[in-house]
Every structure is written in C-alpha cells, then in structure tokens.
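Each of the two chains sits in its own frame; use the hints to bring them together as a complex.
Residue numbers (UniProt numbering), protein chains in the order written: chain A, 1 to 469; chain B, 1 to 408.
Derived by calculation from the structure, the hints in this document are not laboratory data.
For clarity, every value in this text was computed on a predicted model and none was experimentally measured.
Where is the CB? At the ideal position from N, CA and C, for every residue including glycine.
Nothing false has been slipped in among the hints.
Capping the alpha-carbon separation at 30 Å, the derived lysine-lysine pairs in DSS-like fashion look like this:
(1) 467/A to 360/A
(2) 62/B to 360/A
(3) 236/B to 206/B
(4) 62/B to 375/B
(5) 94/A to 338/B
(6) 16/B to 375/B
(7) 338/B to 146/A
(8) 16/B to 236/B
(9) 94/A to 313/B
(10) 231/B to 388/B
(11) 54/B to 360/A
(12) 300/B to 94/A
(13) 146/A to 180/A
(14) 338/B to 159/A
(15) 167/B to 467/A
(16) 88/B to 360/A
(17) 231/B to 167/B
(18) 375/B to 386/B
(19) 186/B to 467/A
(20) 360/A to 78/B
(21) 300/B to 146/A
(22) 338/B to 360/A
(23) 300/B to 159/A
Every beta carbon over 10 Å from chain A, so not counted as near; a handful from chain B, in silico:
(24) 7
(25) 35
(26) 160
(27) 382
(28) 407
Pairwise CB distance ranges, derived in the manner of DEER restraints:
(29) 97/A to 380/B: 24 to 32 Å
(30) 65/A to 244/B: 45 to 53 Å
(31) 306/B to 338/A: 42 to 50 Å
(32) 42/A to 367/B: 50 to 58 Å
(33) 97/A to 233/B: 48 to 56 Å
(34) 346/A to 313/B: 24 to 32 Å
(35) 143/A to 313/B: 29 to 37 Å
(36) 468/A to 310/B: 55 to 63 Å
(37) 185/B to 334/A: 23 to 31 Å
(38) 369/B to 328/A: 51 to 59 Å
(39) 367/B to 346/A: 36 to 44 Å
(40) 369/B to 97/A: 30 to 38 Å
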Amino acid sequence: MGIEGENHSQVSDDMFSILKSPSAGIGPRLGRLSIPGRHTIETPHYLGITSRGAIPHISQDTFARDAHIQGVYVPLEDFIERAPERVPPLYLYKAPDGASPLRRYIALPDQSLLVLGARRCPPVAAPAANSNTDQTVSVSTNVGFKLLHAQDYREAVEKLDADILVALGDIQYGRTLGSKRITKAVDRNIDWLQDHIAARNAQPSKSTRAKLFASLLPVSCDNQKYWVEYLADDAVKHISGLALYDSCTLADMPQQLRHLPVLGFTLPETPHEVLRQVGLGMDVTTIPFITYATDAGIALDFTFPSPESNDSNEVSPRALGVDMWPEVHATDLSPFKEGCQCYACTNHHRAFIQHLLAAKEMLGWVLIQIHNHHTMDLFFAAIRESIRNETFDRDVKEFARVYESQLPAKTGKGPRVRGYQFKSEGPGEPKKNTAPFQVRDKSSGEGNPLMNDANAQQLENQGFAEKTG
Amino acid sequence: MAPRPSPALTFDLAAKCPTTKARAATMHLPHGSVQLPMFMPVATQASLKGLTPKQLEETGCKLCLNNTYHLGLKPGQKTLDAVGGAHKLQSWPYNILTDSGGFQMVSLLKLAQVTEEGVRFLSPHDGSPMLLTPEHSISLQNSIGSDIMMQLDDVIATTSPDLARIKEAMYRSIRWLDRCIAAHQKPESQNLFCIIQGGLDLELRKECCKEMVARDTPGIAIGGLSGGEAKTEFCKVVDTCTSLFPTHKPRYVMGVGYPEDILVCVALGADMFDCVWPTRTARFGNAITDTGEHNLRHAKFADDFGPVDENCKCMICRLPSEGGLGITRAYIYHTAAKETVGAHLLSIHNVHYLLDMMRQVREAIIEGKYPGFLKAYYWRRYAGDKEKYPSWAVEALRGVGVDLMIDD
Ligand SMILES: [Zn+2]
Ligand SMILES: [Zn+2]
Chain A
1 MGIEGENHSQ VSDDMFSILK SPSAGIGPRL GRLSIPGRHT IETPHYLGIT
51 SRGAIPHISQ DTFARDAHIQ GVYVPLEDFI ERAPERVPPL YLYKAPDGAS
101 PLRRYIALPD QSLLVLGARR CPPVAAPAAN SNTDQTVSVS TNVGFKLLHA
151 QDYREAVEKL DADILVALGD IQYGRTLGSK RITKAVDRNI DWLQDHIAAR
201 NAQPSKSTRA KLFASLLPVS CDNQKYWVEY LADDAVKHIS GLALYDSCTL
251 ADMPQQLRHL PVLGFTLPET PHEVLRQVGL GMDVTTIPFI TYATDAGIAL
301 DFTFPSPESN DSNEVSPRAL GVDMWPEVHA TDLSPFKEGC QCYACTNHHR
351 AFIQHLLAAK EMLGWVLIQI HNHHTMDLFF AAIRESIRNE TFDRDVKEFA
401 RVYESQLPAK TGKGPRVRGY QFKSEGPGEP KKNTAPFQVR DKSSGEGNPL
451 MNDANAQQLE NQGFAEKTG
Chain B
1 MAPRPSPALT FDLAAKCPTT KARAATMHLP HGSVQLPMFM PVATQASLKG
51 LTPKQLEETG CKLCLNNTYH LGLKPGQKTL DAVGGAHKLQ SWPYNILTDS
101 GGFQMVSLLK LAQVTEEGVR FLSPHDGSPM LLTPEHSISL QNSIGSDIMM
151 QLDDVIATTS PDLARIKEAM YRSIRWLDRC IAAHQKPESQ NLFCIIQGGL
201 DLELRKECCK EMVARDTPGI AIGGLSGGEA KTEFCKVVDT CTSLFPTHKP
251 RYVMGVGYPE DILVCVALGA DMFDCVWPTR TARFGNAITD TGEHNLRHAK
301 FADDFGPVDE NCKCMICRLP SEGGLGITRA YIYHTAAKET VGAHLLSIHN
351 VHYLLDMMRQ VREAIIEGKY PGFLKAYYWR RYAGDKEKYP SWAVEALRGV
401 GVDLMIDD
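One chain only, chain B, in its complex shape (with noise of 0.2 Å):
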C-alpha cells in the first residue's frame, strides 16, 4: 500500500543493505534534509550542554531533540508561542524532533498516574492534582513547533511483570494515538509519529503496528524499550516491528544511542535513534572512541598527549595544522571536572563521534558492504577478541544474516 504523501515529510529510500535489514535514505523535513540512519543529540531544555547552535552545527548535526516535559515547564507555552517557538529560541535553524513529554513525567514524578484522560499527578509546589492529555501535549508541541513531534502513549517498563497492564498501555496508546492526531492543529509543518507499545510481548507488539500503521502517520516509532530488558528481547521488538512496517517511512527507535546498540538495531531496519549519553558522559569525563568508553579524568591520562581519539576528525582531535584545536588526553583531564570547558570539549567530540559512526554506516550501507562494516567495528571495539562479543549481537545479527564469529 502506497503511503499517502506528508506534506511536512518526503523519504526518499536511497539503498537497502542485500544482506541485512538496513537501509540508507534522505528524509526531507521543513528545516533541512537529513541523512539516514541518524543519530539525534538531546539537546533537553534547547541547548545541548553548553554547545553554541554554531559548535553543534559544525559536528554535523542538522536534527536534535528538545524534550517537551522541560520545555513546558520552563520557558513554558505562553513564552514558546510569544517568542514564535523552540527554533527561533534558540536560534536553530535545522530540525527538532519532540517527545510528548509522558515519559519523563511518569519516569520523574513519583506521584504520576496514567488514567483513561491522560497522566495525572499532584503538583509539588502545593499538591493540586493536575492532569496532562493527549491534547496537551500536543498543543504544546504544536507550540514548540518541532518538525517531527512524538504521540502521548502509556509508558510502562518493559520489564513489568503485569502482562494485563501492558496491554492495557498498548491500547491506551493507540486511543491516545487518535486523540493526538485529532489535537494536532499543524500537520502541514509539522509531523506526528505514532509510537509502537506492546512490551516484550511479541504478539501485542504486532497487533500495535497493524493498528498504527494504518492510521498513517508520517513517521513510526518504537518505543517503551527501558534499557532495563535483556538485549536479546529487545532485539526481537525491533525485528518483529520492522518487519510490519511499510519501508517509505522513517522508524525511530526510542532512547538507544549506544554504538553496538544502534548498528545492531540499524541492521534490524532501524533508521533514528537518540540517546542523552554521549553528552551526559562527557561530564563525567568519558571519552567514545572505536576502542570504547574512555575515562579520560583517570590519572594515566594526565600524561598522555595522543588526541582525544586518533581516527578522529572532529574539532576537538584534529591537529591545528589540520585546521582542528589539537587537544591532548592530557588537556582533557587537566580540565575535567574543573572547568565546564573540559566537558563542552568531551561534548563535541562525542556528538560528533556518533554522527561521524552514521555516516559511515550509512555509506557502508550504500555501497553494499554494511555487513563487513560491522564485523570490522566489532573487531575494533573488542580488539579482535571474539570471546568478548556479547552474545545478544551475535545471535540478532545472525538473525539478518551477518555471522560477527566468521570474517570474510
């Protein structure tokens, strides 16, 4: 079935990966084309932690997340829609992508309770019940003015054992879905995806997509995937969802930003992922390389003057005679965790590594060597360790018909 066209989304499907699941495209949004797959920095209250517009440009960043939770709260919708939304206040002129706002107020309000009308909780400053729908939030979005804007749904944790209450969250969702859609006030500039519930259960996960998939939206999502699952099950969610939706429109798969993570799921027919670690991370002073995570506030790097990462070509590890700052390991750890610089440093770094991870998945994809691109970061990652694979990776993979233990 031909989708029907989005007037604020085009997917233009560039390749797809002969062995696996994986696929290269051009999304067109209404600020800028954007590659995929992509990684998307989460740039919370519409900065991404001390990062000019300008720095987070030149990491290659034409799309980044603000979270509508925060932005609710503080400028607040009055604010957003006086000063004509988040792009004209912070000054950025690519694309945003928003949550609905759900997750966070259920994963940080203890008191939140999700009803039939929406999350209810108790304000904390004087303990008024208050609630948020559907519509709320997509008003709020609708101010914000985000390109792509994500659907209230009923989150709950994967790894609940009340089987009865994930499949009430997965209907809950779809209804909500069909509220959203019916508040969305600006679906000619901005997108709405639907977001897949279903828990671990396969079979819900299923009746989920057939029921979003049908209602169109320009964009599918997948979501309520904690982190707290095994890999293994989470693996089978993306495969099964994947499989049921059309290829002319971007998946999301929500919150997963580690390398192994994403090239998995992009071989499983992923396209965008997000995740909030390679800046929460630089704070700590951890460094992403190919080899890893490096803690570069250890007291080995004091002396070390390698750069940041030696295959890298980011602002931060180029030499100046490459146009680049030149920063040592050494200067990293001269500054972590004493100057907010020494994190903003990291923070480039880090956003760009993932970026950069992308588009060389998204070449490997087009040239049809995608398998061979993740035998070789597996081996890199591991240092040829093959004992050191986790076992999850291995087993999706050979789902899709890439082996990571046979090199070619």
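Just chain A, same shape as in the assembly (with noise of 0.2 Å):
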C-alpha cells in the first residue's frame, strides 16, 4: 500500500498488530511485526546493534548460520565520514541483483529485519552543548564530527531501502533539556518530518518502501506537548511507528499513539530495567550491555523469570553472568550455561573460553558474544510467554528477587579498542551511560605471549621446563 493518498488512514496496520494489551492504563503488551520477506518479528523483542555494519565481533557468515539474531539497527554515521566533501561509497553502491544497496553492502541475509537511523547506539556525545542547528544534526563519524544535514538524511536513507527508517530527530544526548530548548527541538522535529513526510508523497509510490518511525524527544509526551498532538493529529498518516530515547517517553503516551509500535534506544544497563521499560510498553528496543557484557568476557547467565534448577547451593541473589576471566574455569568442560542451545555452548566449553581471553585470542569474544545474544532471544521469548500467561508483573518481582540488580563488574582486559567511536568524545566529556561495570585493569591491548605472567615454578608445575637454578 501507498504512503501518499490521504484517504489511506494508517501507514503502519500491515506491519504491527497488536495481539494483547493492557485492559487498562500502562503495562506490557504483545505485539507482531511483519514485513514481507522478513522474520516476523514477535514482541517485545530486541534488534542487534552493528558497528560498520555487523554486530561487534561476529563476522556476516557466522551471523548467518550461527546466530538468530532477528533484525539489525545499523546507524548511517558509520558510513559518511567523507561526506559531504566526498560521495559516501555506501551512497555510490548498487547491489548486483536490485536488492537494497544497504543490505547488500553490509551483507545482512534476507530474513534479517534491517533498522537505519542516524546516530550509533549508544551515540557518542557531541562536545559542544548546542551541536544541533535547524538544519543539521551533529553526528560521529571516525573523523570526527560532522554535520549531518536533513535534507541530506532523508535522501539518503530513503534510497538505502532499509525496512525501517527512524526519521531524523533533534536528540540531544547527555543533557538535560531545559523548556526553551525543547521547544526548539519540537519545532525542528516537526520541519524535518514535515519534509520528509512531503518529500515521500512527492515520490511515484515504490513497491517496497521503508516504514518511517518518528522520533520522540527524551522527555515526557506532556513536556513535548506540540510535537506530540502534531504526531497524533498530521503525521499519524505517515508513520509506521515511534523511536524514544528515554523511557519517561511512555509512561503518559497519549491513546492516539499507542496503536504505533515503539522502538527504544534507550540504553537499558541491565535485565531489570529492560523489563520495566517492558512493563511501560516498550515494543523493540536496543541493548548495549549485550556487547559491554561480551567485551568484559562476562557470558550473560539469567533466565526470566527465574533459573529451572533449583539448586540449594545456589548463592542468593544470583549474578546476572558469569566472568569467564577466572582460572576456575579453566579444566571445566561445560558450556557457558547447561542446556544452551547456542553454537558456543553447543560446540564448545569454558576451558576453552577461557583459555581464549587469557590468550587474547579474539575467538574467545566471538563466542561469548553469540551466546550473549542467545540469552536475550530466550530472554524475550520468556517475557513473552510471561505476558500472554498475564504473570509479568510478578514474575518481574521474581527475578528481581532472584538475579543481582547488576551485571557483575569486569575483571579482565576487553578486546583490543579498534572503534574511533571510544576515542572521539570531547574532552573531560562524561558518557551520558556509563558501562555497567567497574574497570579494575584499565590497560588493554594484545599481551605479550610469552611467559611474562608465569613464574619459574608455575612453567615447572605446568611441565613446561624445569628449573635448574
């Protein structure tokens, strides 16, 4: 169906269906987004979030065959660092068989639900406190910051045929916004959308187009009041669907709106605050701690409401994952987490986890990183089931009870930083989200492989030579 005639009442009915809701107020619901040709995608749910194009560690063969990672957010900052001296070659690129060029590019496989925005999940804070002008957003490129126009966006983006596009909006990261500068950005939101939503009519309707969600500003729906009755009021018509970046966003979402599913980035740091975002209504959001998690060498460990076992033993409350950094793991033959279906835990155990970080070797990370995001697919699944049995709000109490309130801290070195993404934050810039762990080793990089860690009786003790002195 066509975007572009009024008499067409809402753009996004094909695509979300809203299978259960709250019988009253606010709470978790169930929904179904379905675009042809794609997984159909049950929520709440989450989406991976790519760096260049693939998800930090695993390479598009083994995001393929080895992981089931529904749908990717890809952020078009990744790709304009030359722009606009220079055409981005991600604009220049034309698939060899007429598929989307972004899709192609990136080689994400069909089936995979493709997300584009503007900026990186999380983004890295711009350094000037206004970087934002009414035709340009400040964006995070590995040159440094750039402007990124609207006009250009929208161009841009519109020809990349993603399957959903988050329309540009005036986010200010890791700031509070005062009522003035609010106001500001509700009236560029509503410029930029405005032009877009024109620019999109004033095309001959493609057969497949990308489903446009608008973006919420960081604040209640009562403090972006205009913006808000503008969405529910013109440009309801036009969208698919709402990007929030903070979660206060939903708590009083007016009725006119919530038929439209929600999209957060809004940086949960750990499982419980994914359920209250959840319990608000989240639909399909974005979770950084996944990759935090796996750079730290933590194997995410819960499971909602509450572990099967019920081991004694068991120390309460339990942690929310398992460092892999320890020596204890280092003869243990088991996988990650008993029963775990994922290709790390079907294929191979801690020891050799282990062995991998302690030897730097990158394969380590790879795995931890497929079984991460294994534990947030079942993770969901159980949520899901949690809704439709209409247990959710105790069994949020139950893990609650169950799991530590946050991910355990990191205790070993992270994968050598190859991202310019950590390096370009202003300086003296504090991170709006700090990662959910505590740094006790900050040095980094590739370890020498020599014997710089073992003394003379350890290589003994582990038969590697004798001492004779």
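See below:
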C-alpha cells in the first residue's frame, strides 16, 4: 500500500499488530512486526546493534549460520565520514541483484529486519552543548564530528532501502533539556518530519518502501506536547512507529499513538531495566549491555523469571553473568550454561573460552557474543510467554528477587579497542551511560604471549620446562 | 627400502609429475585424511585469528597447526591433560600438527641458549634459570595430542656465518631426535617427524638426511630455513633433501607460505607447508590474490565494489546468488582496522586462497599438467611481464625441467 494518498487512514496497519494489550492504563503488551520477506518478529523483542555494518565480533557468515538475531539496527553515521566533500561509497553502491544497497553492502541476510537511523547506539555525545542546528544534526564519524543535514539524511536513507527508517530527530544526548531547548527541538522535529513526509509523498509510490518511525524527544510526552499533538493529529497517517530515547516518554503516551510500535534507544543497563521498560509498553528495544558484557568477558546467565534448577547450594541473589576470565574455568568442560542451544554452548566449553580470553584470542569474544545474544533471545521469548500468561508483574518481582541488580564487575581486559567511537568524545565529556562495569584494570591491548605472567615454579608445575637453579 | 608402516600415518601416492619432482598423495591421519600437497594454516594458540572451527572447516582445512610453546604456557600441560588434549580444547575434529616449541623459544626469548641438555633460558618473571629438553617438548606434545608432532631441534639461522656452530646444531638435532623418539609415549596415535638441519651447507644437509631417514620417522621435515637466506640457496637445500627422502613419506618444508615459494617447493618434491602469513597479513588489510597482495586499506579501494578476488569462490567473495556473502573490497576498506570482523572476513578469504591454490596444484599434478600450471600462475601473477619473474624461481624450476620463459 502507498502512503501518499490522504485516503489511507494509517500506514502501519499491515506491519504491526497488537496481539494483547493491557486491559487498562499502562502495561506490557504483545505484538507482531511483519514485513514481507523478513522474519516475523514477535514483540517485545530486541534488535542487534551493529558497528560499521556488523554486530561486533560476529562476521557475517557466522551471523547467518550460527546466530539467530532477527533484526539489526544500523546507524548511518558509520558510513558517511567523508561526506559531504566526497560521496560516501555506500551511496554509490548498487546491489548486483537490485536488492537494498545497504543490506547487500553489509551482507545482511534477506530474512533479517534492517532498521536504519542516524546515530550509533549508544551515540557518542557531541562535545559542544548545542551541536544541532535548524538544519543539521551533529554526528560522530571516524574522522570526528560532522554535520548531517536533514535533507541529506532523508534523501540518503530513502535510497538505501532499509525496512524501517528512524526519522531524524533533534536529540540532545547526555544533557537535560530546558523548556526553551525543548521548544526548539519540537520545532525542528516538526520541520524535519514534515519535509521528510512531503518528500515521500512527492515521489511515485515504490513497491517496497521503508516504514518511517518518528523520533520523540527524551522527555515525557507532556513536556513535548506540541510535538506529540502534531504526531497524533497530522503525522500519524504517514508514520509507522515511534523511536524513543528515554523510557519516561512511554509513561504518558497518548492513546492516539498507542497503536504504533515503539522502538527504544533508551540504553538499558540491566535486564531489570529492560523489564521495567517492557512493563511500560516498550515493543522493540536495543541493548548495548550485550556487547559491553561480551567485551568484559562476561557470559550472560539469567533466565526469566528464574532459573529452572532449584539448586539449594546456589548463592542468592544470583549473578546475571559469569565472568569467564578467572582460572576456575580453566578445566571446566561445561558450556556457559547447561542446556543452552547456542553455537558456543553446543560446540565449546568454558575451558576453551577462558583460554582464549587469557591468550587474547579474538575467538573468545566471538563465542561469548553469540551466547549473549542467544541469552537475550530466550529472555524475550520468556517475557512474551509471561505477558501471554498474565504473570508478568509477578515474574518481574521474582526476577528482581532472584538476581543481582547489576551485571558482574569487569575483571579482565577487553578486546583491543578498534572502534574510533571510543575516542571521538570531547575532552572531559562525561558519557551519558557509563558501562555497567567497574574497570579494575584499564590496560588493554594484545598481551605478550611470552611467559611474562608465569613464574619459574608455575612453568615447572605446568610441565613446560624445569628449574635448574 | 620399504619403510616400516606407521600405525598413525598412511601415505598413498596418487601421482607423480612426469616433468618436475612434484607429487600428489593422500595422507591418512588419526583425525581424517588430507590431500597432499597441502597448506596448513597456523592456529597459534588453538584458534585461527577469530575464526570459529566451523569457519576454518569451511575454508577446506583438515589439518591446522598449533604452537607447542604457546599452548605450553597457556593453557599449560596440566590443563591440557585435564581437558583431554588440544582437539578437545578447541573442538577441532580434524588433524593438528604441533611444532616442538624450540624455534619460538629461541626466536622470542632473547636470553635463550642451546646446550646439549636442551634450551636454557631465564624465566622473565623471576630470572630463575630454566631448561626445556627434548623430553619436555615430546611430553607436552603428547599432552596436546597432535596428530603430527615435531622433534625438538637445535635451530640456528641459516644466515649464521659460523659453520662449526651449524655443524654442531645438525649433529645435536640428530641426537635430540633419538631422545624424542625414546620419549614419545604414543606412537600408535601420534606421528613424530624429524627435522633436517645443516644450514645452507649441502654436505651437512645430506649427512643429516642420511642419519635421520635411517631413524624411519613417519614423515620428514626440512627445517632451519628462516627466510633470511637467498632463495636460490633455499631451493638448493630443498632440492637436495627431497632427492634423499624415501618416496612414500610426507615431506614438510617448515614456515614456507608465500604462493610462489610453495609452488617452487612443490616442483622440488615437497608436500606440506605452513605459515602465519595469510592470517597475519589479513590483520593489516591485505588480500591475497592471483595478482599478488592488495592492501584494501588503500583509499583507492573505498569505492571498489568488486569482490575481494574476482576468481575466488570463498564464502566472502561468492555472490549471495551463489550462496556467498558478496563482500566488496569497499566493505573491507570500510571495516579494516576498525572492526575485527574486517580481519575475520579477510582471514577467511586468505586461508581459502592458499588451500584452494593447493587443490588446483594437486589437480594439475594428477592430470600431468603441473608445468603448465606453473607457467600460467606466474604469467597471471606478473601480468605477463616475464622481466619481473624472480630469477631464483626461474632458475629453480629450470633445474626440474620447467622453463617459465618459454611458453608452451
Ligand atoms: Zn550459550
Ligand atoms: Zn575469496
């Protein structure tokens, strides 16, 4: 169906259906996101977060074969470092079979849902306080911050043939917004969305066209009243969903927008926070702590609402993950988690992972990343089951009782930092969301494989060589 | 003299090149059969640079290397014993070859010193003097459980001017081979290969071949070619040694991995090669192709939407319509040095390139067309400019009846 005709009531009907909603007020809900040719995504669910077109550590063949991530989020800022001086290569690329250029460029399988937005998740906050203008948004590229024009954004993303497009929003990351700033942001958002919709309507209808999601400001709906009213009264016919940057926006969402799927860029730091947001009606979310945990060498280990085994020896509360660095795993032939069906758990054991981490071998992070995403797949499946059974509130309480409130602290060294994204932050600029791990040992980089951390007695005990003096 | 059959290795000769000394064979090992000649990727610490065993298998690899030195340090012998060896550690169902650990010790540790008992070194941690003996090395390799183990040898650079030292190292390596054979606990499931030493001195090499071939190990390696020596000298050593080896045993030239070097060594009668180069060079953004190495981090590839290698059928280069990923040079440029997956993708291509080249080599040998294969390969590599052909290769191949300068 087209979106240009004024006769069409709501464009999102065919894509998102709500299967179960709270009987009254705010609550968790079940939905289904279906786009032809893609996995049908039962909601609540999550999207994998890509960096330069790939889930960190997971190469595309492994993604297709050994991970079961149903959809991914791709930030445009990962691809436009040389713009506008030079046309970004991605814009020049034509897929050999006429498929989505973005999908083919990053070798994403056909079945995976592809969501495109402007900023990384989490974004690097711009160093300047007011970095956006009436026409531009400040984006972080591997050559530093650049200005992305609203017009350039909408023209580019329309050509890339994603499944879902997150419309550009004047989102100030990492700052509290005053009322004047909110007013300005609302004006900009209205302008940009109006222009984007007008540009779409001016174009002849395409057989497949990305669904447009509008970006709400990271404040309550009441605090961005004009924007919300504009969306509900004028734009609702032309948008298929909402992108959220703070969960407080969910709490007072007006009824006229509640039929739309909600996509979260709210940076939850724990599974508990994911549950809280699901409880507010979040449909699809993005979860940076999956990769944070992987980089810290932590295999996520939680089951919603509580583990199946009733092992009385278990310490309470239980940890949300297993730190794979300690030597206790060195001869442990069990998987990260008994019964886990992920590629890592069905093919490898803790002893190998511990060895790979200690040896700074990249495969260690690959395997943990696969397991951690699988853990989230199961977590969301259990969340949906719980909503279906109408036990969600009780189950959330049970989960909070059984598990620790935070992920385990990081003890080991992470992988060698490759992403520019960690460096382009301005000096003294605090991160909005610090990683949920306390770093005890900041040194990173590839370790010397030599015997710098074993003494002679250890080497002899290991049978490597014998002491002679 | 018919060699004694080895319980853990059977060598079936499939074909001999009618012109050169090249051979095609099948080698049956405890974890499956492999086709010779072959290239073996190096999974130093029980993993090949970020690739899962499944990805490695998909490149066609059925035999990879682990380094004893590294595994001896991490995870260490106790852990290897507890886990049940390196196959179980890394969930690799195919074959593993391990080196002795001596070469890396001498090359990585400044203070290592070779004595008759073994390699002496100071523990960098506390300075205690320590000793790695042939018996330690074999015991470690027995714990690793590698299908092919290498003897501890006295390695010194072929470029050493000290002939007396080279001679001492050669004879010591023979004595150490005897100690390794005596120490080997599992000859029924693990194969111990000897390593021919003797520097660039052909008489020493011949003497070493005579002594070691008499020890009748299941396979034979040519060691001590560090890469620093002149290629002509290198070729003479390989040529001399293979002429003294029995036909029905695999011959392994250690540490050789550049396509042109491998192709010449195959013509000189060698069967097995290993090198870290394909994966190491991938980390720096280099793609191995028929026309040489291309650094995809160069800005000229930013807008290059061709596959990494037009002729390649690896998972990375094949189009989605052919069941592949259809990765472009531009995407490698986009990720190289910024996300590790960029290096993973190139590693897959590079390892596949070398394994596939060896498959083609084997096919050419079986069809009796290896000389033509060599000519075509060099022609492509240098875009038909024979002036650029390396003289050492031209000379070495002339010695086995192939003249690259003359077209068929
Ligand atoms: Zn798992
Ligand atoms: Zn390829």
